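Residue numbers (numbering that gives the first Met the number 0), protein chains in the order written: chain F, 0 to 280; chain B, 0 to 274.
Source of the hints: derived by calculation from the structure; they are not laboratory data.
Given the structure is predicted, the values throughout are model-derived calculations rather than measurements.
Misleading hints may appear alongside valid ones.
Below 25 Å or equal to it, Euclidean Cα-Cα: the simulated SDA-like pairs (lysine to any residue) are [unchecked claim]:
id: 1; chain 1: B; residue 1: Lys-103; chain 2: F; residue 2: Leu-16
id: 2; chain 1: B; residue 1: Lys-181; chain 2: F; residue 2: Ile-4
id: 3; chain 1: F; residue 1: Lys-39; chain 2: B; residue 2: Ser-130
id: 4; chain 1: F; residue 1: Lys-93; chain 2: B; residue 2: Lys-181
id: 5; chain 1: B; residue 1: Lys-181; chain 2: F; residue 2: Tyr-7
id: 6; chain 1: B; residue 1: Lys-103; chain 2: F; residue 2: Leu-265
id: 7; chain 1: F; residue 1: Lys-276; chain 2: F; residue 2: Leu-265
id: 8; chain 1: F; residue 1: Lys-272; chain 2: B; residue 2: Leu-109
id: 9; chain 1: F; residue 1: Lys-93; chain 2: F; residue 2: Gly-229
id: 10; chain 1: F; residue 1: Lys-93; chain 2: B; residue 2: Ala-29
id: 11; chain 1: F; residue 1: Lys-93; chain 2: B; residue 2: Tyr-19
id: 12; chain 1: F; residue 1: Lys-93; chain 2: B; residue 2: Tyr-24
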Amino acid sequence: MRRPITLYGLTFSLPLLVWQILFFVFPLLFLVALSFWTVKNFTMRPDFDTVNWTTMYGRAVFWQAYGTTFALATAASVLTSTLAFPCAYAIAFKLSDSARRWAVFLMVIPFFTSYLVRVYSWQIFLSDNGIINVILGWIGLGPFPLLNTVGATMIGYLTLSFPLVVLLQLFSLVFIERTLIEAAHNLRCGRLRTVFAVVIPSARVGLVIAALFCFILSFGDFVSPVYLGGGEPTTLSILITDTTKSGQQWPRAAVIALTMIGTLMLVAFAAVKFAYKGKTR
Amino acid sequence: MSGSADLNRNRAVDWALMAYIVLAYAFVFAPIAASFVFSFNSDRFPSIPLGEFSLDWYRAVATDPLVWEGARNTLVVGVIVGVISTVLGFGAAYTDFRYSFFGKQIYLALALLPPTIPVIILGLAMLAYLSRVNLSGDALSVIISHVVVCAPFAMAIIRLRLSQMDPALEPAAWNLGASEWKAMRHVIIPFTMPAILGALFITMAVSFDEFAVAWFVSGLNETLPVKVLGFLQGQVSPRINAIGTFVFILSMTLVILAQLLLSGRGAGQTSADKE
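In isolation and in its complexed conformation, chain F is listed as follows (with noise of 0.2 Å):
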């Protein structure tokens, strides 16, 4: 439907628009022009000076930093579809139709609890005399150092991501043709060979897509590696905060975040290009 711009489209197309460039589009290129500015005696003046790039880049912390949450979120992103792709599979094609309806209920519970209340309620679970070394510690073993782990770290980003993977998982999952795993069968194809030569191509982009969430929220998450990791190893979000708020070097902290933005969309665009490779669309 093509019709000429008119006063009633626009009452309605404009607010959300002037908003997200007034407050979203804006604040990002003002995070381009800030890393340009410069500091002196804790006071930022606009400028244009490649000090901060050449600065960040040029320390062996930041490169440190970038491969530590590289390789933690590709860890993570690899961690929760394989530990979620069982749930959503048995819950696509294992439940009843009400038990589905269900089970994508309680999983989007989480949601809406507070991702800082669940992470402090893991250091319950983890600390020295926490509930995992009581129990054990009731079998004679233990107590061994569970949080300040990357392993915590972990944990944190599988509570952050488990349950949105599992979703789009499955999603991508019930869409799938029956007609085509009882054909596999059929043909005599055993069941892992089916999960592997039918179920997972056929399911190819949504378990792309939910990997690529995960690596996106691990990529930028700053309180499972604080509050569960210790803080250490240092990843570019603790690195942001660090800048922030110490000493006013906000144009450093912009050369951060705009790197990760630009990994982040480097990332986006290869998966999706991945995702969607061979099909004719």
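Chain F is fixed; fit chain B onto it per the hints.
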């Protein structure tokens, strides 16, 4: 693997998968349940075995004026964010439903992208930008940034409802002499009302839980999640569990209300017999 006549079913595998589902949900709900249980536990350092049942942490929270101030800010911000996000989201959903125009892809990208930008980056960008235009440090800046993140959710929910509507309904109203505005008031809005209210509650719930952006942009007017962050940074205190349980119940009430509105009534018919 199976090879038998029974091609699709294998008891052992089915049971294993069921057990796996239970395990997965246990993992997801363990922190939520623990937070609830330990909010009623007397121990200073929560662990098992449980201490005595006590409401001390709720009392500690209830008598802390800072918490009340945070709660009030959270509620006020949440309600305002919910209303603005829903209005903006409705407009965008209707635009997508009815119009096609040059650059619509960009319009939709702008409408839907913000939640995919990491909150930490959005927070930094907002803080820098809003302090530049002298809006940082008060509740207004929190509202502005929350709407950016929440409006896409509202749009998605309302757009879903609009896609269930017969696209011929609106032209039918015009043919019967209704102006565009009248058709909007008597056809579109009644039909999407469940989704509008659903979006309102969902965006309010999202705003309640959101903290990172708020943490960066809010100065003195801290919202409740920001307060929680403060507790976490200082000494660990079971008060977090009490606040968490309280916010959880509030959010869940909103979500269940939204769920009832979105799915409870049959699609399509109710809008007609309401007028």
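Against the structure, the hints:
A hinted pair counts as satisfied when its Cα atoms are at most 25 Å apart, and B/Lys-103 with F/Leu-16 qualifies at roughly 11 Å. Taking the CA atoms of B/Lys-181 and F/Ile-4, the gap is near 18 Å; set against the 25 Å cutoff, the hint holds. As the CA atoms of F/Lys-39 and B/Ser-130 are separated by approximately 18 Å, the hinted pair is consistent with the 25 Å bound. Between F/Lys-93 and B/Lys-181, the direct Cα distance comes to roughly 48 Å. Violation of the 25 Å bound is thereby established for this hinted pair.
In summary, the hint linking B/Lys-181 to F/Tyr-7 is supported, as the alpha carbons are separated by about 11 Å, within the 25 Å threshold. For a cut-off of 25 Å, the pair hint linking B/Lys-103 to F/Leu-265 stands: about 23 Å separates their Cα positions. For the hint pairing F/Lys-276 with F/Leu-265, the CA-to-CA distance comes to about 16 Å; that is within 25 Å, so the pair holds. This hinted pair checks out: F/Lys-272 and B/Leu-109 have alpha carbons roughly 21 Å apart, not beyond 25 Å.
Restraint check for F/Lys-93 and F/Gly-229: not satisfied, since their Cα atoms lie roughly 40 Å apart, outside the 25 Å limit. Distance hint between F/Lys-93 and B/Ala-29 is fulfilled; the C-alpha atoms sit about 24 Å from each other, no more than 25 Å. Among the hinted pairs, F/Lys-93 with B/Tyr-19 is consistent with the structure: their alpha-carbon atoms are about 12 Å apart, no more than 25 Å. As the CA atoms of F/Lys-93 and B/Tyr-24 are separated by approximately 16 Å, the hinted pair is consistent with the 25 Å bound.
Consistency note: the structure conflicts with the earlier hints numbered 4, 9.
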